[in-house]
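Spelled out from the first residue to the last, the chains are:
There are 2 protein chains.
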Amino acid sequence: MSVWTVNSDLARERAGATFDSEQVTSLLYGGPENVRKRRYLQNAAIQDPVLRSAKPWAFQDRAEQYDTALWKHVYIMKKLDDMGITDPQERAYYQQAGAPQEYSPFSLHTGMFIPSIEKQGTQDQQEKWLPLARSLKLIGTYAQTEMGHGTFIRGLETTATYDPATREFVLNSPTVTSMKYWPGGLGKTSNCCLVMAQLIIKGKREGIHLFFVQLRDMETHKLLPGVESGDIGPKFGFGTNDNGYLKLTDVRIPRENMLMRYAKVLEDGTYIQPANQKIGYGTMVFVRASIVTNSARGLAQACVIAIRYSAVRRQTEVSPGGSEAQIIDYQTQQYKLFPLLATAYAMYFTGKYAEDYYNEISSEIEAGNLDSLNQLHAVCAGLKAFSTWDCTAGIETCRLCCGGHGYSHASGLPKLYVFYTPGCTYEGENNVMMLQVARFLMKIYPDIKKGAMLHKFVQHLGVDLSQKSCMTEEVTIDCLVKAYEHRAARLVKEAASQIENLQRSGKSRQSAWNASTVVLTWAAKAYCHTFVVRTFCDTVSNADVDKHTKDVLIVLCKLYAVHGIVENLGEFIQDGFLSPRQVSILQTKLAELLAELRPNVVALVDAFDYPDRVLDSCLGRYDGQVYKALYEYAKSSPLNDKEVLDTYEKYIKPAQTLHMEQDLRARL
Amino acid sequence: MSVWTVNSDLARERAGATFDSEQVTSLLYGGPENVRKRRYLQNAAIQDPVLRSAKPWAFQDRAEQYDTALWKHVYIMKKLDDMGITDPQERAYYQQAGAPQEYSPFSLHTGMFIPSIEKQGTQDQQEKWLPLARSLKLIGTYAQTEMGHGTFIRGLETTATYDPATREFVLNSPTVTSMKYWPGGLGKTSNCCLVMAQLIIKGKREGIHLFFVQLRDMETHKLLPGVESGDIGPKFGFGTNDNGYLKLTDVRIPRENMLMRYAKVLEDGTYIQPANQKIGYGTMVFVRASIVTNSARGLAQACVIAIRYSAVRRQTEVSPGGSEAQIIDYQTQQYKLFPLLATAYAMYFTGKYAEDYYNEISSEIEAGNLDSLNQLHAVCAGLKAFSTWDCTAGIETCRLCCGGHGYSHASGLPKLYVFYTPGCTYEGENNVMMLQVARFLMKIYPDIKKGAMLHKFVQHLGVDLSQKSCMTEEVTIDCLVKAYEHRAARLVKEAASQIENLQRSGKSRQSAWNASTVVLTWAAKAYCHTFVVRTFCDTVSNADVDKHTKDVLIVLCKLYAVHGIVENLGEFIQDGFLSPRQVSILQTKLAELLAELRPNVVALVDAFDYPDRVLDSCLGRYDGQVYKALYEYAKSSPLNDKEVLDTYEKYIKPAQTLHMEQDLRARL
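Chains as they are written, first to last, in my numbering: chain A, 1 to 668; chain B, 1 to 668.
Be aware that a few hints might be false.
When chains are identical, the list treats them as one kind, so a pair holds in a single copy or across two.
[Said to hold, decoys possible] Dumping the calculated DSSO-like pairs for lysine-lysine here, alpha-carbon to alpha-carbon at most 27 Å:
#1 K456 to K468
#2 K547 to K482
#3 K55 to K642
#4 K264 to K450
#5 K128 to K653
#6 K222 to K78
Everything labelled a hint here was simulated from the structure, so no lab data went into it.
Chain A extracted, bound-state conformation (with noise of 0.2 Å):
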């Protein structure tokens, strides 16, 4: 990117914020060491020649964007390992720097395969397959998704049918529901895969299991027999994943490529259950929290980019003849991106409380003792929810805060969105997950109904729902999140009775469940939004930063908390919890709120640290010279390259002839 000077504006911006966005940085990112690696390997991976070398990805058609993914993310594991980088967090800031919002055709490879085989797999498998799947000889992928099914994994039709006689698994697709869809890396690039399928013993279901299967011949690369694969087609985004399809016809593999660290099938067709049905639970509860973080950080580039190009963005004169103001300064925009912005930052502070406090547990779940890890599981199931479905919606409307220019390529906006948008699916679909947050809740509710000692995630649902709310003009922190929690608690508290007078009247409780689920999905993402809510608060409450910014974090917190409320009034005063005039005194701060961040919303969005060439936008630049770029990235839109296009010949040229021939003896 050419280096040109700072504009003026943002340099204003910068100039004029009350507080030391390197104290936030630090904040956001673990402290001072932290915020220095992670510029340390960013750093590498964008001065990196080779990685610079790959041509705009924009440019590219989907087999380039495939090409280019498979070299560099081959380059990316090279180079790290050349570097002796094995912390997953540090390699994750170098691939996200070397290829931002480039989905590895080898995500799977490394994300679930090499580690499904590390924790499920028996000894002898690990090692016989890891050495091999760390070299790359082994390339894998972890399929599980069908065609016909999703998240209802039980429903999975996959067979793997054991065969006493040879010792072997024969699996088949025996339908065209039952086929492998989707998996990363499945199409072109995996030469084997974890397939997930009904285990059949002498006719008898045994539930769903993992089986290794080899795809493609290990010299040649082609289709083993029996085997059908390939690439599922161009989508809205993931241009450089070859997401695939699998059709297995009577593949046969030996028993040894059940992963038997658990689960167990003897040579004579006995069947072993696994001694612990819920392993496996803690990395879906970490997986799951760190997709609340995954989606702050997509938030977090969005509001860079458009916050800085409102800064710099000037749009119709504010008073008739004077100069065209800033279009940051507008209310209306105001109020669409400062709430964003402070939900990028709930959602980080969010996930890493999830983060931490699974790490925290880790000895108790070690030692066996899950009840902890139970909540926290209903928990991120519920914000992961809430947090993919916040973010990529509010990823859209900053796209759409920038005009005209975010709907191009050149803004970096859609690109963000498409790569996170299918946060909203993967890992559990989210109107699933809320229901799942939903039955843990019913499920406590006679607890808290009686008044009993809860864990600390759910003893605030407890709470008595005929007190009023203690808001006051000086809108505290306190107050705030009792609001939360009291709507929570009486959504949770509705849903129940909704249930038992449904059922009094005669339903089964199933119906009755099922006549309920849009109030069981409101009081769940009440109870999420109160997590997040509690979070914020807590982390700002807490945070070792100076006054200065601290005043500025709970400026943004408090923004977070009342933009909620007045977002979701009718929920806060159905029950008469608010009153009119608080209702009104929380209308008015939220208009203060907004005046009270503007002045530093620009160091705000600095303080995230992603570098120009990770938000890949001609609107977010640091420099905030946004029109020299949009103009160069037009000058480069392949499109160009030619002055004249062959078309002209071709189709223009001819037109006009016909055109005019049909004109003349109209004439006549």
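Starting from the structure of chain A, add chain B where the hints point.
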């Protein structure tokens, strides 16, 4: 597309509908005769062997997309001329079926360039340019938007300076921000352009005018001296169009090239103002009304896809061990999709009402009486914003309701989204539009307050705000409409009061306005929402359909209204207009309406009458053979042309050796 039998779930849905969808199709498209014409033209395009020969769009790269669009649209124009089809609506039916969701490189040529010459050109200019334009000798576009300037037209920077010595205008792009940016077809297709520029005569600015500028040589298509132009590069969608940039440096055009039907520049440089500044108002209103219909079209198609798919897709056993349920039977899915279905109908009816009303008052307009037009102008600015926001967000909701498959281009949904979302920005940025409505509402507020007789579009804003809702368990349409009227009237009053209070506290009118744009937007949205609800109710009440059909339409209409209240509850209850009991009635009613509508949703999307070729979706096929279609789609992905890609030998094999070496080294 392959011919398969209809999926049994879909067949059962159709058999179970309680009304005749053909009656609804007639209602939507203006009677049986128009439906017949629409079908005839759509089929003609769909069956056309030339148009059928195009490669699926998602398998094309950007250059191919442009190339294909170019020949397709030349062919379509020629074909329509051959068939003697001149009616714009009829031409649109053919074009939409022949090139669905493909933004033509000629769209501004036919949609803006020619009409502007027709309306704003002198007789001489029309005679000179129109025959050439109609025969494609001249291919023109309309260059208004600049890199740094959008909706605020007065801010445009391009200059046209009159030189009396040579009787020419000298056109210049004096800054980077003044460069024209975004006009459709400007980059590669057009050889001329109507440029909107600041007219300068003898150093004096005379405002914005249109100038005919030749850009490329008529024979070679090369750019003329002083003209720098090209494609602006890849975008979220619109890959078929060469949206372009244009930089003019001392480009001289004869005086006769300014469009001079109204304003004029005489040879000596005398400037003559147009007689009526509001000329062109009507076209703008009509275009915005047509965007309402257009948004409805996008959302309707998304609903067809998501609802048909939801009837076919099965997920999770409802009771343990039972069969998996159609996902359309989940209340959460219904809560998302059915109100969107209702929204699509609401927007169709509203768009049609606005267009019809415009035609109704067109004789008034021609007679110079712009009173009704002024009202309609304000309304249409708001409806354009309201409909594009709701419909495009709705398309994304439909996509997410299709789970993972919604993310594949096989679903057709990503293309719908990127095709329709620009509607939020073009023809007036939505936030600006809403504030125009607000400005109109504040302007008439003194009259509202006085209780004056007002135009029928705003009469209801004078409603008595002390009245409480008449809502009973019957949930009549009348009480629903009154609830919307009350909310709009209250929010308009609150916005007005806030501005008054701020002025009383010492702020200028302008500052008070700027500090109130959020509440003003709330008021404007509430106003538009009321307009849509009332139009929907009126249309349904007056529809010439049988009782069965009307019953269904009334359920749909009530669902739209009740859902809108529940989703914006705070605004309806903040002042106690609805009592807690009434809210509870509405929430219960909402669940009942979803259940009531359930048997008819497939027939209601069938009624939109979109052929499979237009939907271009594996998920939305009329026959419901979703999975077979997905399988075909995957197999045809260009990445599958070769079983083993060249990338295997190029990147993967070397990587394996490399890593093995490292592994070996590590072991030594």
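Comparing the hints with the structure gives:
no. : hint         : result
1   : K456 to K468 : within (23 Å within a copy, 43 Å between copies)
2   : K547 to K482 : within (25 Å within a copy, 51 Å between copies)
3   : K55 to K642  : both (18 Å within a copy, 24 Å between copies)
4   : K264 to K450 : neither (44 Å within a copy, 83 Å between copies)
5   : K128 to K653 : between (65 Å within a copy, 20 Å between copies)
6   : K222 to K78  : within (25 Å within a copy, 48 Å between copies)
Hint compliance for this structure: hint 4 is the single one not met.
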